[in-house]
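Peer 1: Here's the letter readout for the chains.
There are 2 protein chains.
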Amino acid sequence: MSTDTDLRSGEVAVDAPLPRDASLYFIGRIRTPWTSRLETPRQGSLEGPVCRLEIFEPWVAALQGIEGFSHLQVLYWLNQARRDLVRQSPRHHDGETRGTFALRSPVRPNPIGVSTVRFVALEGSTVLVRGLDCLDQTPLIDLKPDRCVFTPEAASDHDDGK
Amino acid sequence: MSTDTDLRSGEVAVDAPLPRDASLYFIGRIRTPWTSRLETPRQGSLEGPVCRLEIFEPWVAALQGIEGFSHLQVLYWLNQARRDLVRQSPRHHDGETRGTFALRSPVRPNPIGVSTVRFVALEGSTVLVRGLDCLDQTPLIDLKPDRCVFTPEAASDHDDGK
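Just so you know, the protein sequences line up as chains A and B, in that order. The letter at position 33 of the first sequence is residue 33 when you use full-length UniProt numbering, and the numbering goes up by one with no holes. The letter at position 9 of the second sequence is residue 9 when you use full-length UniProt numbering, and the numbering goes up by one with no holes.
No lab work stands behind these hints, which were simulated from the structure alone. Treat the hints with care, as some may be off.
Reference listing, derived: stretches of chain B covered by chain A, where coverage requires no fewer than 3 residues with Cβ under 8 Å from a Cβ of chain A [said to hold, decoys possible]:
1. 28-40
2. 65-78
3. 108-122
4. 136-145
Residues from chain A that keep clear of chain B, each with C-beta distances beyond 10 Å, as calculated [unchecked claim]:
5. Asp6
6. Leu7
7. Asp15
8. Ser36
9. Arg37
10. Leu38
11. Glu39
12. Pro41
13. Pro49
14. Ile55
15. Gln73
16. Arg98
17. Thr100
18. Glu123
19. Leu135
Using N, Cα and C, we set each Cβ at its ideal position, and we do this for glycine too.
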């Protein structure tokens, strides 16, 4: 067993059946500069590097009009995360454990990441954005206009978060 | 065919294979006051009615610590939505069509709703929140602390959205 899947002190895994309540399409693939977890930022920056959302057919036509939005919400599938932990001890929490739903850890029953990103450009079937914090080749499951209307442009320019 | 699944003028459906790239757990069930789409609000209000997130086993232990957060991000599965439209003409858009990814419509390849809600209380295995806009009995797929740190309390008190 790799160190990635070992349990830390206080962590609790459950015996869950195989998931089959609903199924997802991977509608595309995310290209980022990060190829290992160690170099991937914990939280994306709206001033971070440009990343690419490569959309697969038959979904490319669904991009029409996307360039009208300054910020998008991106959903992706954290396919390297285990799904059976209900209590976790994140690396930066000094050994304290917390319930999975009280954390934004990628380890969760349904490992879906949600990020708000800044729209940069549309190039054919690829959307360029800033603000992601996931590994290169992460499967994309959705993108839509962001609803976080209170994000002031000036404030987000100086924040490393969202 | 019901009127819900008829195409409007300009809408485009694609011939997509069955989705099977990844599978989801329904980790719980959302209880809201709305039992038909006509009465469901288009966008939740943080001052709206209290709704209940009923968590199923074996995931209840994952709630530990959730009460420390004022706002949560809730992900749910819009199980009544069709999944094959790439261009849509939403009811309030006066016949204009737009790409699915340029809309927050529930009709999308992966019909996942994302809402920011206000935490109200934890009662056993049920989380009480305000701010949802989905039908009663909607399957729940995730909840986690919200990252929309720029939402000022005063502003959200007077807004009907986000």
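Peer 1: Under the constraints set out in the numbered hints, which ones does this structure not fulfil?
Peer 2: 1, 7, 14, 15, 16, 17
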